[in-house]
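Student: What follows is each chain in one-letter form.
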Amino acid sequence: MSRMFRKLSQVRSTKAIPMFSPVVSPGSHCPMHTAVSFGSLIQGLSTLVVGSAECTVYSRGPSSRRRGAYAPEENVLNWSYMLSEDETVFGCHDGVKAAIEEMLDAGIQALMVITTCIPHMTGEDIHGLCEEIAVRRNAKVFSVDVPHYTCIATSGGTRGALTGLLGIMEERPLDAQRINVLGAFRGAALFPEMSDLLEAAGYTLLKTGTADGVKDYITAPSARMNLVVSPQALDLAIGMQERFGTAYIDLSAMLSYDDMIRGFAQLEKALGVQAPDFSDRGAEIIKLEEKVLENMRGKRFALGSGASQTPLRAAYYLAGLGMIPAVLHIDDFYPGDEAVREALLEDGYDPIVAHMVSGELDGGYINEIGVDVMIGGGSRGEDESVGFDRPIKLLNKCLGGGGKGNKYGTVSV
Amino acid sequence: MGVQQAVATIRDAAFLEYGCMGHMNYAGKDYKERITDGCKVYSTHLSETDIALGDLKRLYEAAETVITNDHPKALLLTTSSVPEMTGTDLGAAAMELSPLYPHTKIISFESGGFGATVCRGIELALDTLARTLPVDCGKTSDFTYNIIGSCYDLYNYRADAEEIVRMMWASFNAKPLCILSSDTDVDKIERMGGAHLNLVIRKEGIKAATRLQDRFGTPMVCGRPYGTLQTRKWIGDIEEAAGRASDRASIRRDCAEVAGIVETARRGAEGVPELFLGGNADVVGGIASFAEQELGLKIGAKWSDDPASVTADIPFFDEAKRMEALKAEQYLLLANTELITYSGKDGVVIAGTELAGKGLNIYAQPYVGLRGAANLAERLIENAAPQGRGGGRPSGGRPDGDGRPNGGGRPNGGGRPDGGGRSGGRSGSGARH
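Heads up: the protein sequence lines correspond to chains A and B, in order.
Under the numbering used here, read the first sequence as residues 80 to 492, first letter to last.
Under the numbering used here, read the second sequence as residues 191 to 623, first letter to last.
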């Protein structure tokens, strides 16, 4: 093989995930971009990107396309602070401070300051600056540090932004009927059966992830419970539990039918609701699992960048059905992934792990390695809504592996 | 910045950035939206260890992969801001790589440091291309010329270059050898020395043209002609520089036709408010002169959105100054879409990088030359009256396929940055691009 790859046993953290190809085209998102993109979905949240000329230009897309650069009707500003030559040497503290003050003077509700590679390299303490201003002016200001060279994960921006939002949350009296759904964005949503159940029981579900207001985040600690539907929101859930004592259930990790039944059981215990019988859905899943066991046993598979937000869990699930994980695209390691990693290794699986974001080039290497099924090879992420459809989709993809081949000799599904 | 705008359109080449992959992802996406063919763009990505240890292994591996897979005629290297900070010597890397791949020209582009704006980057990149690629060759037997400075940072760049090509054919029976760089390939750049004339259509191309003049003795004509007066003068300059007579009958006929349209427009221009123009200094200066001299319109304010590209009467306006200027009561704004939308006034798009889905129409009408004069005249008087309707209607510079102007254009809340964000200051509408 012409290229040395890193195996799961050699990779324990996001920083250790190597690129699959030595050169990328087109590559994946900068976490600055995903932070701005996520921030621009939250009504009332202003953003300030601090970085080089490139960063200030490329951040305009997500902020202005969604809402307009000025969005005066919402009293939201999406500004960027472009570092001058002098500031790369002598620091940008004063300039950034003046910019934040100016934005606050303009009457914005809350501000997310996003710092990129150069301020990180020069060691600017933007986090400290934001804390100082937040206290002095009693303002909702927090920072997200997302230099791309330290953070290969595309999700780093959303994850960082979500965790940063912890900083503007306030201790509130308990609203026993409120439940936060954390991380409901980019195709991730609570499964309909669960939201129906909770809403029927009189609970208000606040989907703090998309198209909601900054106020929902400020008051989020009043909720009785957090339901996490995306692994990117796990840090926030853990942080809220530590700071405000808000309990959470991690639904994002649930893939098999048993997982989901366990999830409902947890919910029943915590909220006293009575889940209906889902054995029909279970039978559907079990039938597919049996099919995979029968037809796909021993087949080597690769999970591409569009396969799953939780590739380790998906790999473990499929390994349990007799398939062999050969190559995994991993964007990020999330809380709890370490245990899955250990379990995979203990079961004797040590797949190649990498960041696969180079389309055809990656396909060439996949071909060299030799896999039977390539799952999620496209760059577009799948609908990751937690629920019964999730394993059904995954299993159907595996079974579709008997379908059309591609030019790499493998099968893309 | 600016290197990409000057080189990404070169066919048969590969463009590799030593830097974090996000840049190339977005730059590549933006450029693919607007350029149907060009070079393939790559990034090495970077990690902390590359920076801490200053190891260029990643760059070498990337170059090897690109050359082995794509066999480009030229590998164009540049850095992003992070290696710029650490002082990566890309020139040395290119020298080390060159002997390993004798069939691929490996060229490193300086981006000019943190102070460099798009215009500065384009100037450096065009000069680098003129310095490294052209080979010794004799002049062509026919009258040929190069266009220097047609880059995709300019609005309507493609249509403007096409109008120049059309006029050169109509006036001199001349054909282009190389349109640097919006419509070219590596071979054409190599043969640039064979041209009889270099037409420099933005001042960032002067350095490259001077280099070609010194080496090949090719005369140059600098100018971006808007309207009939500027076009006539420009043709006169070409006659003089190239020592060739133009087809005067053909030009006279064309000019008379367009002059008629312009005259009609002039009569209908009553009620058009003062013009405010912001964008590239060459574009702003040319359009302002045309509007003033030929359409009789009043010019209120003119500014450049790039500090590296200013003239005596077109200063650079940082964002604060632009915002201040736009507080005026009444004006017609010729600028980029985002600024027009922000102003709440009527406008004509003359600047901007056509990002965010703009510029998809590759058959647009030009602004320069004689056909450009007719196009501009119509767009400007569209906004004649009644006054005070406001509402920020960018009159898109993009007619429909059948040649009908698309009237009020689409108000675009999500326009792209208009360039020239205040260096070291807050920059509400983005920064340089």
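Don't read these hints as lab results, they were simulated from the structure.
Fair warning: this is a prediction, and the values are worked out from it, not measured in the lab.
The beta carbon of each residue, even a glycine, is placed where N, CA and C say it ideally should be.
Heads up, some of the hints might be wrong.
[As the list claims (entries may be wrong)] Residues on chain A that point at chain B, a partial pick, calculated with CB under 8 angstroms: (1) C109; (2) A132; (3) M200; (4) S274; (5) N374; (6) N446; (7) I471; (8) N475.
[To be verified] Taking CB as the label site, the calculated pair distances span: (9) T258/B x P271/A: 41 to 51 angstroms; (10) N259/B x D275/A: 47 to 57 angstroms; (11) T258/B x G202/A: 36 to 46 angstroms; (12) G202/A x H293/B: 42 to 52 angstroms; (13) A177/A x A242/B: 38 to 48 angstroms; (14) Q256/A x E464/B: 51 to 61 angstroms.
Student: All the hints need checking, so say for each whether the structure fits it.
Tutor: For each hint, the structure was consulted:
1. With its C-beta approaching chain B no nearer than about 3 angstroms, C109/A sits inside the 8 angstroms limit, and its interface hint holds.
2. Against a cut-off of 8 angstroms between C-beta atoms, the interface hint on A132/A holds, since the closest Cβ of chain B lies about 5 angstroms away.
3. Restraint check, M200/A versus chain B: the minimum CB separation of about 6 angstroms is within 8 angstroms; hint holds.
4. Among the interface hints, the one on S274/A is violated; its C-beta lies about 32 angstroms from the nearest C-beta in chain B, farther than the 8 angstroms criterion.
5. Violation of the interface hint for N374/A is found here, the shortest Cβ-Cβ separation to chain B being roughly 35 angstroms, above the 8 angstroms cut-off.
6. Taking 8 angstroms as the C-beta cut-off, the interface hint given for N446/A is violated, the closest approach to chain B being about 13 angstroms.
7. Interface restraint check for I471/A: the shortest CB-CB distance to chain B comes to about 32 angstroms, outside 8 angstroms, so the restraint is violated.
8. Interface hint at N475/A: violated, since its Cβ lies 30 angstroms from the closest Cβ of chain B, which is beyond the 8 angstroms cut-off.
9. Range check, T258/B to P271/A: Cβ separation about 50 angstroms, and the 41 to 51 angstroms hint holds.
10. For N259/B and D275/A, the Cβ-Cβ distance of about 51 angstroms falls inside the hinted range of 47 to 57 angstroms, so the restraint holds.
11. In this structure, T258/B and G202/A meet the distance hint of 36 to 46 angstroms, their C-beta atoms being roughly 39 angstroms apart.
12. Our hint of 42 to 52 angstroms for G202/A and H293/B holds, since their Cβ atoms are close to 44 angstroms apart.
13. Checked against the hint of 38 to 48 angstroms, the pair A177/A and A242/B fails, with Cβ atoms roughly 32 angstroms apart.
14. Q256/A and E464/B have their C-beta atoms about 60 angstroms apart, which keeps the hinted 51 to 61 angstroms range intact.
Hint compliance for this structure: hints 4, 5, 6, 7, 8 and 13 are not met, and every other hint is.
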